[in-house]
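Peer 1: We have chain A already, so just place chain B on it with the hints.
Chains as they are written, first to last, in this note's numbering: chain A, 180 to 406; chain B, 180 to 406.
Do not rely on the hints blindly, as some may be mistaken.
Put simply, identical chains are the same to the list, so a pair is met inside one copy or across any two.
[Stated by the list, open to error] Simulated pairs of lysine to aspartate or glutamate, EDC-like, Cα-Cα distance not exceeding 16 Å:
hint, residue 1, residue 2
1, Lys403, Asp339
2, Lys290, Glu301
3, Lys290, Glu302
4, Lys403, Asp369
5, Lys277, Asp348
6, Lys277, Glu244
7, Lys403, Asp366
8, Lys277, Glu251
9, Lys234, Glu200
Derived from the structure by calculation, the hints contain no laboratory data.
Protein chains: 2
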Amino acid sequence: MRIAVIGTGVVGRTVAARLAELGHDVVVGTRDPSVTRERTQPDRFGTAFSTWLEKHAGLRLETFEAAAAHAELVVNATSGLVSLDALASAGAANLDGKILVDIANALDFSKGMPPAVRASSEESLAERIQTAFPGAHVVKTLNTMNAFLMVDPAQLAGGDHTVFLSGNDASAKARVSELLRSFGWRDIIDLGELSTARGTELLLPIWLSLMSALGIPPSNFQFKIVR
Amino acid sequence: MRIAVIGTGVVGRTVAARLAELGHDVVVGTRDPSVTRERTQPDRFGTAFSTWLEKHAGLRLETFEAAAAHAELVVNATSGLVSLDALASAGAANLDGKILVDIANALDFSKGMPPAVRASSEESLAERIQTAFPGAHVVKTLNTMNAFLMVDPAQLAGGDHTVFLSGNDASAKARVSELLRSFGWRDIIDLGELSTARGTELLLPIWLSLMSALGIPPSNFQFKIVR
Numbered sequence: 180m181r182i183a184v185i186g187t188g189v190v191g192r193t194v195a196a197r198l199a200e201l202g203h204d205v206v207v208g209t210r211d212p213s214v215t216r217e218r219t220q221p222d223r224f225g226t227a228f229s230t231w232l233e234k235h236a237g238l239r240l241e242t243f244e245a246a247a248a249h250a251e252l253v254v255n256a257t258s259g260l261v262s263l264d265a266l267a268s269a270g271a272a273n274l275d276g277k278i279l280v281d282i283a284n285a286l287d288f289s290k291g292m293p294p295a296v297r298a299s300s301e302e303s304l305a306e307r308i309q310t311a312f313p314g315a316h317v318v319k320t321l322n323t324m325n326a327f328l329m330v331d332p333a334q335l336a337g338g339d340h341t342v343f344l345s346g347n348d349a350s351a352k353a354r355v356s357e358l359l360r361s362f363g364w365r366d367i368i369d370l371g372e373l374s375t376a377r378g379t380e381l382l383l384p385i386w387l388s389l390m391s392a393l394g395i396p397p398s399n400f401q402f403k404i405v406r
Numbered sequence: 180m181r182i183a184v185i186g187t188g189v190v191g192r193t194v195a196a197r198l199a200e201l202g203h204d205v206v207v208g209t210r211d212p213s214v215t216r217e218r219t220q221p222d223r224f225g226t227a228f229s230t231w232l233e234k235h236a237g238l239r240l241e242t243f244e245a246a247a248a249h250a251e252l253v254v255n256a257t258s259g260l261v262s263l264d265a266l267a268s269a270g271a272a273n274l275d276g277k278i279l280v281d282i283a284n285a286l287d288f289s290k291g292m293p294p295a296v297r298a299s300s301e302e303s304l305a306e307r308i309q310t311a312f313p314g315a316h317v318v319k320t321l322n323t324m325n326a327f328l329m330v331d332p333a334q335l336a337g338g339d340h341t342v343f344l345s346g347n348d349a350s351a352k353a354r355v356s357e358l359l360r361s362f363g364w365r366d367i368i369d370l371g372e373l374s375t376a377r378g379t380e381l382l383l384p385i386w387l388s389l390m391s392a393l394g395i396p397p398s399n400f401q402f403k404i405v406r
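Extracted from the complex, chain A is given alone in its bound form (with noise of 0.2 Å):
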């Protein structure tokens, strides 16, 4: 499949990279690719975004809307606070008629840790891009984990744990459990409409408490819903 990726800090790299390992077309997209080559240094991310890029030969770097445009499905991979702008800049034209995977979480680091969360009982990020984006079919998931559990879930007890998908088409949800379940995905719940991506968005808090909480090494949880 045809696929972009927007974003290029670890989850959009972490996604990438799996996709293309699967066979997929990925471009990434960012918003002035000859600004994301020239960084050189190690970003807090460990690596250059460039020195990262030459590994993954298959891989090519784009314009938000070149990536776009080129792509069948796109994934969402920004920090939460900038999608809006992001898929803005990709073009609401480009996402027409397009499943538009939603993984971000709208977590504001300007108060310090832990971050807020800009979601509520009442409103998401994944509806307020569906919202300015009618006509993409956006469906929320994957924002329950860490980048490396997302694409491969089995390197945490064999996978048995949990991921949830929202989203208001069911063609587009089932698209996009094929791929959960190419990641290794067994334990796939449709939560239903997107609105019940408030309920994963807000899982964030308690994520970030229990990364605290469980020590090292951070992160390397995930929540299972035992019935």
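Peer 2: For chain B alone, kept in the frame of chain A given last:
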């Protein structure tokens, strides 16, 4: 231990009965015991409180105030929207220096289903209770599952799932952990300070979505933190 359970709904009843069964001296607190006793028609929990009380001879029904005055440990099992009011009726002096186990959720059904959850990543009900009653040692726990699982976790998957603890007083949390173990809990995660109750209170939106998505029997599921 001398324990007050504040609240006569299904959560209060279930917890009170289990504590009495375990040999504790339990008083259930209600606003007006004569009104509660006079209710003889089956209510939305299936049984009138008076009928239920007759079957639990070891339990007494008293005012909020008398129940709290009696107790070494107080359980807040009221609806979260009225908890501060009920605890004010119990009397700050009757909570002073005591462990206050808050198992409530502030669910606002005024706009229909699903209810809005009156908590955010910046404020929890538990913290509002702690601020209102600074002399109490508030411990948040058990608010992330149905009442039957609260007191008997082994009935689902042999008890292989997780309960969370939040609170500012380590010895209060240790006492509450003992109580939880007496219920059958084995996987108890101390999340840290009381502010981490924001995370457990914000599990309610996904809990409500799961209740719809997973179907019958409703709410017989639980969170497990795999690590």
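Peer 1: How would you classify lysine 290 and glutamate 302 at a CA-CA limit of 16 Å: within, between, both, or neither?
Peer 2: Only across copies: lysine 290 and glutamate 302 sit 14 Å apart there, 21 Å inside one copy, limit 16 Å.
Peer 1: At most 16 Å between C-alpha atoms: does lysine 277 with aspartate 348 qualify within a copy, between copies, both, or neither?
Peer 2: within (11 Å within a copy, 51 Å between copies)
Peer 1: Check lysine 277 against glutamate 251 for me: Cα-Cα at most 16 Å, and say if that holds within a copy, between copies, both or neither.
Peer 2: within (6 Å within a copy, 60 Å between copies)
Peer 1: Give the relationship of lysine 403 and aspartate 366 under a CA distance limit of 16 Å: within one copy only, between copies only, both, or neither.
Peer 2: both (9 Å within a copy, 13 Å between copies)
Peer 1: Within, between, both or neither: how does the pair lysine 403, aspartate 369 come out at a Cα-Cα threshold of 16 Å?
Peer 2: For lysine 403 and aspartate 369, the Cα distance is within 16 Å only inside one copy (14 Å; across copies 18 Å).
Peer 1: Measure nothing new, just compare the shortest in-copy and cross-copy C-alpha distances for lysine 403 and aspartate 339 to 16 Å and report within, between, both or neither.
Peer 2: both (7 Å within a copy, 11 Å between copies)
Peer 1: Go through the copies and call it for lysine 277 and glutamate 244: within, between, both or neither, with a Cα cutoff of 16 Å.
Peer 2: For lysine 277 and glutamate 244, only the intra-copy Cα distance (14 Å) is at most 16 Å; the inter-copy one is 60 Å.
Peer 1: Checking lysine 290 and glutamate 301: alpha-carbon separation at most 16 Å within a copy, between copies, both or neither?
Peer 2: Only across copies: lysine 290 and glutamate 301 sit 11 Å apart there, 23 Å inside one copy, limit 16 Å.
Peer 1: Within, between, both or neither: how does the pair lysine 234, glutamate 200 come out at a Cα-Cα threshold of 16 Å?
Peer 2: within (12 Å within a copy, 64 Å between copies)
Of the numbered hints given earlier, the model fails none.
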